[in-house]
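*Asks:* Start from chain A and add chain B according to the hints.
Sequences listed follow chains A and B, in order. Counting in my numbering, the final residue of the first sequence is number 287, and the numbers go up one at a time with none missing. Counting in my numbering, the final residue of the second sequence is number 410, and the numbers go up one at a time with none missing.
Keep in mind that the hints were calculated from the coordinates and are not lab data. No experiment lies behind these values; they were computed from the predicted model shown. Hints may contain errors.
20 Å max Cα-Cα, derived SDA-like pairs, lysine to any residue [as the list claims (entries may be wrong)]:
| hint | chain 1 | residue 1 | chain 2 | residue 2 |
| --- | --- | --- | --- | --- |
| 1 | B | K299 | A | A51 |
| 2 | B | K405 | A | T249 |
| 3 | B | K299 | A | R71 |
| 4 | B | K299 | A | H98 |
| 5 | A | K280 | B | G394 |
| 6 | B | K405 | A | A51 |
| 7 | A | K280 | B | Q303 |
| 8 | B | K299 | A | P135 |
| 9 | A | K99 | A | L82 |
| 10 | B | K299 | B | K405 |
Single-letter residue listing:
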Amino acid sequence: MNRGTLPIVARLQALQSPARLAPGGARVVADVGHPSPLAALLREVNETMLARALTFESSTGCSMTVDVAGRRVLRLAGVTGLSGAETCLAAPSLEDEHKDELIKLFQTVAAPRHELRVMSGPVRHDTDGLSVGIPVALLADLCLIELNEFGEAEPEPQPEPEPAPAPAEDLVLEAGDEGFLPALALRMGPALAAWLIVGGSADGRTGGAEEMVAHLSGWLEDEAEGVSRQLDMASLVSAGPVCIVLGATLVDGHSILCARADGGILLGVIEGDASHSLLKAWNAARG
Amino acid sequence: MSVSELLGGVVKAYPQARVVAFADLSSRMILASQGNQVVTQENLDALCEQARTSFDDPLFSLSVEAFGEPHAAMVLALDGVQVYLRSETEPGDALVCICDHSIDLAGFVAKIRETLEKISAGT
Numbered sequence: 001m002n003r004g005t006l007p008i009v010a011r012l013q014a015l016q017s018p019a020r021l022a023p024g025g026a027r028v029v030a031d032v033g034h035p036s037p038l039a040a041l042l043r044e045v046n047e048t049m050l051a052r053a054l055t056f057e058s059s060t061g062c063s064m065t066v067d068v069a070g071r072r073v074l075r076l077a078g079v080t081g082l083s084g085a086e087t088c089l090a091a092p093s094l095e096d097e098h099k100d101e102l103i104k105l106f107q108t109v110a111a112p113r114h115e116l117r118v119m120s121g122p123v124r125h126d127t128d129g130l131s132v133g134i135p136v137a138l139l140a141d142l143c144l145i146e147l148n149e150f151g152e153a154e155p156e157p158q159p160e161p162e163p164a165p166a167p168a169e170d171l172v173l174e175a176g177d178e179g180f181l182p183a184l185a186l187r188m189g190p191a192l193a194a195w196l197i198v199g200g201s202a203d204g205r206t207g208g209a210e211e212m213v214a215h216l217s218g219w220l221e222d223e224a225e226g227v228s229r230q231l232d233m234a235s236l237v238s239a240g241p242v243c244i245v246l247g248a249t250l251v252d253g254h255s256i257l258c259a260r261a262d263g264g265i266l267l268g269v270i271e272g273d274a275s276h277s278l279l280k281a282w283n284a285a286r287g
Numbered sequence: 288m289s290v291s292e293l294l295g296g297v298v299k300a301y302p303q304a305r306v307v308a309f310a311d312l313s314s315r316m317i318l319a320s321q322g323n324q325v326v327t328q329e330n331l332d333a334l335c336e337q338a339r340t341s342f343d344d345p346l347f348s349l350s351v352e353a354f355g356e357p358h359a360a361m362v363l364a365l366d367g368v369q370v371y372l373r374s375e376t377e378p379g380d381a382l383v384c385i386c387d388h389s390i391d392l393a394g395f396v397a398k399i400r401e402t403l404e405k406i407s408a409g410t
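Excised from the complex, chain A in its bound form (with noise of 0.2 Å):
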């Protein structure tokens, strides 16, 4: 599988399974059969994005509370009948220099054969100046341990060599893909819900919802002036192609993307979070 997908299917799979909630509306992030506890904890850590306090429980009577964000363990917050935490407890901000004492302090929290519990809640101290952290990629791998690994917890093959993103089922690569905005359009995938070229080599080629891609193509018509000006102004650099991509957040909801390469423009409408993909195929395609 490529290496690229894992976390979105481990983030789809985490989805799809049904929550255990326990009393007090805890949720059982490993049972006493997980394979790894820990790895259940770090991947809780790791699919939290905003700043929030993660109380993790274990049935041995243990807990900690952790504040997190943006992948990072921020701070300790608090624990419960563990020893060995009085360095972090004291960090006003967790550093490099704390990751084995937190290291530990998982481990023993989330401990084999023993269920694992989590409760989400807003950060309750001040997090100013707490803009570092220690990132859970850092922990995962000191732990030996695949963030996104998905099924079973086994160890990865000798990783390959990553290959080159493949396009959607859905889309037929054709002659004349190899220019850039057909490559930086397949290569998006399903996340470019509809599109279309206008221009240049790939003139008239599309993809996604005709409903969508026929508004796209209205609009295009009469704006592709005020398109061209606006995205030679928007680029700090003159030549070469240039892409912007306006929405709501940028990483949910609705994204529009227009890009222009080779004399053509791409127009098209992203759906969720395309950050991964759109950056990931812009590098690819930009060779």
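*Replies:* Chain B in isolation, oriented as in the chain A frame:
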């Protein structure tokens, strides 16, 4: 915590962010900036202007018509990625950033959203 310190926190957390600046888009001024890339005032003025352009017509109108008012924009070019975020409460306030192509965009956007909210709230 000062605006500069908040911006510095973003750069520290995301070293791929070469420039992170706080701008008042309504007066076209960069009010504070942090980052490892050496930039002149002219560069910053240009960045501010490009942020305004990104939130301008005709793409702005298309976005409003289709999904509502956009508060985030990104410009991809050969030399890097520019990310612009406007405050939802103070329409003139914005963070304008120049980043490497390797940045974790989802995490970065969450971080600058939180930072911009703090700046706009004056905390």
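*Asks:* Could you check the structure against the hints above and give me the numbers of any it violates, in ascending order?
*Replies:* Hint check: nothing fails, all pass.
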